Amino acid sequence: MQKYSVFSLIKNAFSDHQNWEVAWKDPTPKNEYDVVIIGGGGHGLATAYYLAKVHKITNVAVIEKGWIGGGNVGRNTTIIRSNFMYDANARFNEFGMDLWRNLSQELNFNVMFSPRGIINLAHSDAQMNAYARRGNSMRLNGIDAKLLNRDEVKKLIPMADFSDEVRFPIFGGLMQPSAGTARHDGVAWGYARQADSMGVDIIQHCEVEGFDVESGKIKGVRTSKGVIKAKKVGLCVAGSTNILAEKLNMTLPIETHLLQACVSEPVKPVLDGVVTFGAGHFYISQSDKGEMVMGGDLDGYNSYAQRGNLPTIQHVLTGGLALFPFLSRLKMLRTWGGIMDMSMDGSPIIDKTHIEGLYLNCGWCYGGFKSTPVSGWTFAHTIAQDRLHELNADLTLNRFSNGYLLDEKGLGTKTWIS
Amino acid sequence: MLHINCPFCGLRAQKEFAYGGDATVKRPEINKEVSKEEWDNFVYMRKSPRGKHIELWHHISGCRQWFKVQRDTATHEIFKTAKMSEEIV
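In the order they appear, the protein sequences are chains C and H.
Position 312 of the first sequence, counted from 1, bears residue number 332 in the numbering used here, the numbering being contiguous throughout.
Position 13 of the second sequence, counted from 1, bears residue number 14 in the numbering used here, the numbering being contiguous throughout.
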C-alpha cells in the first residue's frame, strides 16, 4: 500500500496526480471466508480492520448493500465524546477516546480529529445538580469533566443568548474538554484502506438476501452476488438491523427511527466546540468549512425513509434559535436524515446470539459515530475469541430480560415520553 | 408533513398528533401467571418492519382520542386509520 505523506504528495504532483493507487480494491467475492461482516459503515470497516490488525484474521469480507460510508457514518454530526455516567458506557467510550487520539497516525489517513470540547448547558438548579453528579461519575472513571458556571459559559460561547428575557436562562454547564469532532467519511475511508491493504475484501453493492443456518449454526449468507460461505458472520447494519433480524426469525429490543441533521451556509468562526441545549433537544457545532452543523430530536415515529419531515426540523431549530438568536439570519444549506437502530434503553448491544457463529452489533441509537473505533475493537474481539471483551461485557442482548438496563438517560426508543 | 385521518375529527396535520408506538403489541393477561419471556416481548421486543406498520397515534391537540394507523414506514403512505375498538386487517 502506498503511504500517504508530504513526500508522496510532492512525488505525485509531478505526474498531475494521475498515478495514485486505488485506496481499496473492488474484488469479486470468494466462495468462503472465515468472517463475513455485513455492513460497510464505520463500525463494520473498523471491525474488519481490528480483526486483521489485532487478531490476525485476514480472510474477511465486508459486504455492503450500497457504497461504503454511504450510511450513517456519512450522515452524522461527527461528535465524539465520552461524557457518560454509567460505568459500562463510560469505560467503553473512554477507551474509544484513546483510539481516536491516535487514529490518524494509525490509519495513515487524516481523520481530522479535533478535540475542541463539548458543553452540555444547564437551565435550572436541578439540572446543575444532575450535571455535577454526572461530572463526578465521569471523573471517577478517569474522564475529564468540568462544571462551568454562567460566567464561564459566557466566556466560551459569548454569542449565546445571555439576556434577561429568555425563557430558559443559562445557569451553567458540564464540559468535557477532550471531546470533539472528526471528519466522518474520512474515518470510513481510512479504515477501509487499511483493512483492504491487509487482505480484507470490501464488496460493495452486494445486498444480503438471506442466511444459511443449519442446526443452530451459521453457514453463510445469500447475497445479490451469490452465496458466500462463512464460519462466522457479524451484523453491523445499524438502521437495517430489524430487516436482517426478520430474515433470521429474531425479534430484537430495537425500533428503527429517523434522525435528521442540517447545516447552514458557511460563516466565519463563531463557535469553537460542541454545544447542547439543555431545555430542548438541540446540539450544534461549527465545521472546519464554517457551516453550523445542527441536530436534535428523532422524527418520532418508526421510519426507514432516510429523509426527514419538516415539522421536526422546525421544532429542533426553535430550540436552536432560543439558544443562538444569530442563527435566524443564516440560510440553511441542506438537511438530511439517517435511520437509527434505537435500543430500548438507549445503549448499544455488542453480543453473541443464540445462533452459533452469528454476532450482533446494533442499538447505537443516535450516538454510533463516536464509538466507531471502540465498537470495531470490541466486536472484532467478540468475533475472533467467541467471547465478550470486558469493555462490552455489559452490552449484552439479555440485559433487557435480566433487568440490567443501561438506561443512561432513561429514554430509549420512547422519545415521545421525553 | 403527514396528514392523518383521525377517525373522530377527519383529516388533520401531523403537528396535532403524538405517536404511541406499535399497536400490535398485546399486554399479557392480568390474572394469569406471566412468564419472563412474555413480559420481555411485551415491554422490549419489537418487529419494527420496513413497510406496513400498524401503530398508535394520539390526537393530543384535538379530540385527545387514541386510535390506530396503518402506515408504510419507508414511504410514509397512510393506508387506513381505525378506532381502538376496530381491527385493521
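Don't read these hints as lab results, they were simulated from the structure.
None of the values given here were measured: they were computed from a predicted structure.
Wrong hints could be hidden among the right ones.
Unchecked claim - Simulated crosslink set (BS3-like; lysine-lysine; CA at most 25 angstroms straight-line):
| id | chain 1 | residue 1 | chain 2 | residue 2 |
| --- | --- | --- | --- | --- |
| 1 | C | K174 | C | K50 |
| 2 | C | K267 | C | K251 |
| 3 | C | K351 | C | K85 |
| 4 | C | K249 | C | K239 |
| 5 | H | K48 | C | K372 |
| 6 | C | K73 | C | K288 |
| 7 | C | K267 | C | K288 |
| 8 | H | K53 | H | K84 |
| 9 | H | K84 | H | K37 |
| 10 | H | K48 | C | K85 |
| 11 | C | K73 | C | K45 |
| 12 | C | K50 | C | K239 |
| 13 | C | K251 | C | K309 |
| 14 | C | K267 | H | K53 |
| 15 | C | K31 | C | K50 |
| 16 | C | K251 | C | K50 |
| 17 | C | K50 | C | K237 |
| 18 | C | K249 | C | K50 |
| 19 | H | K84 | C | K267 |
| 20 | C | K372 | H | K16 |
| 21 | C | K429 | H | K53 |
| 22 | C | K245 | C | K267 |
| 23 | H | K81 | C | K237 |
| 24 | C | K85 | H | K53 |
| 25 | C | K251 | C | K239 |
| 26 | C | K45 | C | K85 |
| 27 | H | K27 | C | K267 |
Status of each hint after checking the structure:
Taking the CA atoms of K174(C) and K50(C), the gap is about 58 angstroms. The hint is violated against a cut of 25 angstroms. Between K267(C) and K251(C) the alpha-carbon distance is near 18 angstroms, which keeps this suggested pair within the 25 angstroms criterion. Proximity of K351(C) to K85(C) is assessed by CA-CA distance (about 34 angstroms); at most 25 angstroms being required, the pair is judged violated. Proximity of K249(C) to K239(C) is assessed by CA-CA distance (about 6 angstroms); at most 25 angstroms being required, the pair is judged to hold.
A C-alpha spacing of about 20 angstroms is found between K48(H) and K372(C), which places the hinted pair at or below 25 angstroms, so the restraint holds. A C-alpha spacing of about 41 angstroms is found between K73(C) and K288(C), which places the hinted pair above 25 angstroms, so the restraint is violated. A hinted pair counts as satisfied when its Cα atoms are at most 25 angstroms apart, and K267(C) with K288(C) does not qualify at roughly 49 angstroms. Annotation: proposed proximity of K53(H) to K84(H) holds, straight-line Cα distance about 18 angstroms (limit 25 angstroms).
Between K84(H) and K37(H) the alpha-carbon distance is near 31 angstroms, which puts this suggested pair outside the 25 angstroms criterion. The suggested pairing of K48(H) with K85(C) holds, with an alpha-carbon distance near 21 angstroms, which does not exceed 25 angstroms. Restraint check for K73(C) and K45(C): the C-alpha separation of about 18 angstroms stays at or below 25 angstroms, so the hint holds. Our distance criterion of 25 angstroms between C-alpha atoms is met by K50(C) and K239(C), whose separation comes to about 15 angstroms.
This hinted pair does not check out: K251(C) and K309(C) have alpha carbons roughly 45 angstroms apart, beyond 25 angstroms. With a C-alpha separation of about 17 angstroms, the suggested pair K267(C) and K53(H) falls inside the 25 angstroms cut-off, and the hint holds. Our distance criterion of 25 angstroms between C-alpha atoms is broken by K31(C) and K50(C), whose separation comes to about 35 angstroms. A threshold of 25 angstroms between alpha carbons decides the hint, and for K251(C) with K50(C) the separation of about 13 angstroms falls inside it, so the pair holds.
This hinted pair checks out: K50(C) and K237(C) have alpha carbons roughly 20 angstroms apart, not beyond 25 angstroms. Taken as a hint, the K249(C) and K50(C) pair is honoured in the structure, with Cα atoms around 9 angstroms apart against an allowance of 25 angstroms. Taken as a hint, the K84(H) and K267(C) pair is broken in the structure, with Cα atoms around 32 angstroms apart against an allowance of 25 angstroms. Using a Cα cut-off of 25 angstroms, the hinted pair K372(C) and K16(H) is violated, with the two alpha carbons roughly 41 angstroms apart.
Of the supplied pair hints, the one linking K429(C) and K53(H) is violated, its CA atoms being roughly 30 angstroms apart against a limit of 25 angstroms. About 18 angstroms separates the Cα atoms of K245(C) and K267(C), which keeps this hinted pair within 25 angstroms; it holds. Pair hint K81(H) plus K237(C) does not hold up; C-alpha atoms about 41 angstroms apart against a cutoff of 25 angstroms. Between K85(C) and K53(H) the alpha-carbon distance is near 22 angstroms, which keeps this suggested pair within the 25 angstroms criterion.
Restraint check for K251(C) and K239(C): satisfied, since their Cα atoms lie roughly 6 angstroms apart, inside the 25 angstroms limit. Proposed proximity of K45(C) and K85(C) is supported: the alpha carbons are some 16 angstroms apart, at most 25 angstroms. Taking the CA atoms of K27(H) and K267(C), the gap is near 23 angstroms; set against the 25 angstroms cutoff, the hint holds.
This entry does not satisfy hints 1, 3, 6, 7, 9, 13, 15, 19, 20, 21, 23, going by the numbered hints stated previously.
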